[in-house]
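Engineer: Letter by letter, the chains look like this.
Protein chains: 2
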Amino acid sequence: MASDPLGASDKAQSSTAKPQNGSSSNKSAKPAKEKKPKQKAEGQQAAGDTRKKEMKKETKEGLSASKASSFADWYTQVVTEAELIAYYKVSGCYILRPGAYFVWETIQRWFDGKIRESGVQNAYFPMFVTEEQLNAEKNHVEGFAAEVAWVTKSGSSDLDRPIAIRPTSETVMYPYYAQWVRSHRDLPLRLNQWNTVVRWEFSNPTPFIRSREFLWQEGHSAFATQAEAEGEVFEILDLYARVYTDLMAVPVIKGRKSEGEKFAGALFTTTVEAFVPATGRGIQGGTSHCLGQNFSKMFGIDFEAEDRSKQLVWQNSWGLSTRTIGVMIMVHGDDKGLVMPPRCAQTQVVIIPIPNAKLSVEAKQAMAEQADKFAGELRALGLRVALDSRDNYTPGWKYSYWELRGVPIRLELGPKDMEKESCVLARRDTLKKEPVAWSQVASEVPKLLDTIQHAMYEKALAERDAGIEKVTTWEDFVRALDRKHLVLAPWAYEEEIEKDVKKRSATAEAMGAKTLCIPLEQPDLPSGTKCFASGREAKNWALWGRSY
Amino acid sequence: MASDPLGASDKAQSSTAKPQNGSSSNKSAKPAKEKKPKQKAEGQQAAGDTRKKEMKKETKEGLSASKASSFADWYTQVVTEAELIAYYKVSGCYILRPGAYFVWETIQRWFDGKIRESGVQNAYFPMFVTEEQLNAEKNHVEGFAAEVAWVTKSGSSDLDRPIAIRPTSETVMYPYYAQWVRSHRDLPLRLNQWNTVVRWEFSNPTPFIRSREFLWQEGHSAFATQAEAEGEVFEILDLYARVYTDLMAVPVIKGRKSEGEKFAGALFTTTVEAFVPATGRGIQGGTSHCLGQNFSKMFGIDFEAEDRSKQLVWQNSWGLSTRTIGVMIMVHGDDKGLVMPPRCAQTQVVIIPIPNAKLSVEAKQAMAEQADKFAGELRALGLRVALDSRDNYTPGWKYSYWELRGVPIRLELGPKDMEKESCVLARRDTLKKEPVAWSQVASEVPKLLDTIQHAMYEKALAERDAGIEKVTTWEDFVRALDRKHLVLAPWAYEEEIEKDVKKRSATAEAMGAKTLCIPLEQPDLPSGTKCFASGREAKNWALWGRSY
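These protein sequence lines map, in sequence, to chains Y and C. Residue numbers are given in UniProt numbering: position 56 of the first sequence equals residue 56, and the series is strictly consecutive. Residue numbers are given in UniProt numbering: position 297 of the second sequence equals residue 297, and the series is strictly consecutive.
Some hints here could point you the wrong way.
Just so you know, same-sequence chains aren't split out, so a pair can sit in one copy or run between any two.
The list that follows gives simulated cross-link-like pairs (lysine-lysine, DSSO-like), each with its CA atoms no further than 30 angstroms apart [what the hints assert, rightly or not]:
| hint | residue 1 | residue 2 |
| --- | --- | --- |
| 1 | K153 | K138 |
| 2 | K262 | K336 |
| 3 | K373 | K114 |
| 4 | K153 | K262 |
| 5 | K420 | K470 |
Calculated from the structure, these hints are not laboratory results.
Generate coordinates for the entire structure from the input sequences, incorporating the hints supplied.
Structural biologist: This is the structure in structure tokens:
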């Protein structure tokens, strides 16, 4: 992993860190009136409802569902109880609360800096698109038509013609690329936008993972040559991989999508694929497409080359969404709640003074001052620090509160610590504690955050690696899926075989498996190796699995 | 004005600065095929059209329209020719090109930092809102109902119930505020989002100023007390004023809106009002509303106070949009194009080496190296620098190109400058030139940028002040409007008089005047002063004018 990619920009955020969400806490004093949302009840929850949620009080944990035994309930609980998400009145849409939006801003800041350095510029294109525009590229529109939301009225008047909300912006942007590009000197044209798109899906909406409106960035480039376009495809793919590995401590596999799985209208699609051990499913993390000349042909995006010939541009598009956050939660979370990678955590350190009833007023005062001093010292280092001095909760309750929110380090300061000029650092990822002298806090905490970030990645990597099996026969393939594993298996790139595998590997409990990607890094493929499914000469190893 | 509010963050942007938009330039080599968009033709322009725009070649300027004599045409030309805006296939929607989006990002970075320091957190709420939610506050919905866009279909299926696209998010957010707020400890709740909203207006869409979808931020706060809420209203209003004065070099007047002009559903609305001398019209620059308890009553946002009583929260909402950019253009632009305030300029300095045909290869090489050296030196200072070494354009053409884009400083380096180890700095705002020794460039350029920023503000302030008349009679009021001035006139706050003034001051050529605000800073009002229109005892001075 690269060295801390956030660096100085962390500093600007540090002032926000304080116990922000007193809400749940106070609610525990009132009787429960509303059940936590269940995934299946999604969309049926009344928004105007004044009934209030409540934090579980009977145990120290805020969650009742277990990640291992009831993953879907666990996920719904963790995203709502940790105050990342609120379920919304319109089914399939979710509110991103500050804790979640902060993660997105962290990704934005990092990725935006990288693409800017590379020469990409940000812009904003309208969310509306005419039917005529949307239909301009046939394969493309077929991929999206069923999910497009249409505006047909304004006020009480019907519009002359329905107007679509963009499901993605190829057809929004490219008519203008055709106007802006005339000469090779106008190339490359590389624009990005941070926006939301709408895909009115009906299958299993899930916060972050699959929602009808979602936040993303979409980059759209035009180049003079295929080589330049392909170079960018992989440059962006590398950045997507680093968002996962460097920021979110989630390992990913870079690869190409099969023909059946590629983006509608693309020449080829590359992807970063993550793995969710708890469900044994793969999840597409971000895609970088080479569109070839399909769109430039349809939209007439041509240019005069240096030799005066007229040529079509080569295009790419690439997108990364708030799905990233869902993957991070699914990979790292545990039965106590979120486990936040330090680089993405809105609060990196929470300081909890632990006075007790026997303490003198002076001793309490000294403890409060020392806690304040730690907060000041750590904030001065650019860390995001909360100081929880609330006097209406027990220390144990506060531990659960901050564990639920995944704060990487808890700094405990009790009466004995005051005597010894020491304190305790508790790690969220391992739940281990270690004493640290006051004089070492400012040097140890940043080191420990770094250690946690790397340890979380290594742990996730080991789990991921243990969750992938290399097989060459159909029997082993099915057994691997049964063990909730992804499968690396030789394949001949036959679309009908992929469809067949999907059908044959479906069970009463689980969907069928499909190709997640053809990994860029390929194990050795001895010549003569056969496809595990068709028995024909294999071309490559493909990564297969059940998938989100 | 405050010291440079951008500071270090400028640095991150500096790498983007290079001649970005070769498009227009190259297009001048081809015959004109498409007329520049006229405001009245808005919406009729074919987007898929492959015909190309072209930069005027017959004169050195890129604009044919004069700001003084045909303002609307001038504005349309400047926003399109300077590549800030592209007109879009859906009427009333516009593409924000990188030069415009950069200004918005500058505002975002500054304002976001300020509200974060103040304790506001960012979040994201869905763009969709149900009819039931939208209708919850009566005055509010009446203010927006006619402009709401409705989604009624997804794919080819009708939705069960139409879903609105948010025209603003009060009714989107407040049902959840009711869930999240229970105790005084949950307050204040202060959330902000950077998003787009849709208001399907039919009156005179204008880029930046009035569009059907626009980018803004909307802040929504809940407080325990009226005093805290009112404190925030004016805190935010100050920040809005500083966006104009400190970033965009545009003077504004802070004030309260009249009852007739306040936000639908608000207790009171505060505003920053700018002045466009070329048209003599005022323009609302940003509004900060105290909603009082209107919404908390409707949505049941109550809390248990320290004394255990149940109370309704006091709420605010406040929004600033990309309209800011339009105001900046209208105030500063001239017949050569944009005049960008240095703090908002995507390119702050353009370096133009001026080789001539007689120069030896070595001399040309030395000139190119010196130009490179300047670029490096200035970028190292965190400035956004373009180096225009294109060999297919004349220096004069390049001057026009960068003047059109409003770049604050042009650094010219010619053969004589090479001999004298000197160069020329040309200011965009005054068009004046001054020679500077090479050794002084790194110290002089930042100083000059600062000088320009302040000079632009002072010039705009002088024009604004010259454009406001203080009157006490109806006759003087009308004469002031005729002179394209705003008018400060005593008023008794009578709504029917405001309506009457609007009607009576309308002419064949111009709309009627309304109150822009009751300025917070009031001139002395001698007791017994009468309202200029009703003759009744005046309560205050109001600022009146024709308005956008």
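Engineer: None of the hints should be skipped; say for each whether it holds.
Structural biologist: Here's how the hints hold up against the structure:
{"no.": "1", "hint": "K153 with K138", "result": "both (27 angstroms within a copy, 21 angstroms between copies)"}
{"no.": "2", "hint": "K262 with K336", "result": "neither (38 angstroms within a copy, 48 angstroms between copies)"}
{"no.": "3", "hint": "K373 with K114", "result": "between (36 angstroms within a copy, 25 angstroms between copies)"}
{"no.": "4", "hint": "K153 with K262", "result": "between (34 angstroms within a copy, 27 angstroms between copies)"}
{"no.": "5", "hint": "K420 with K470", "result": "neither (54 angstroms within a copy, 72 angstroms between copies)"}
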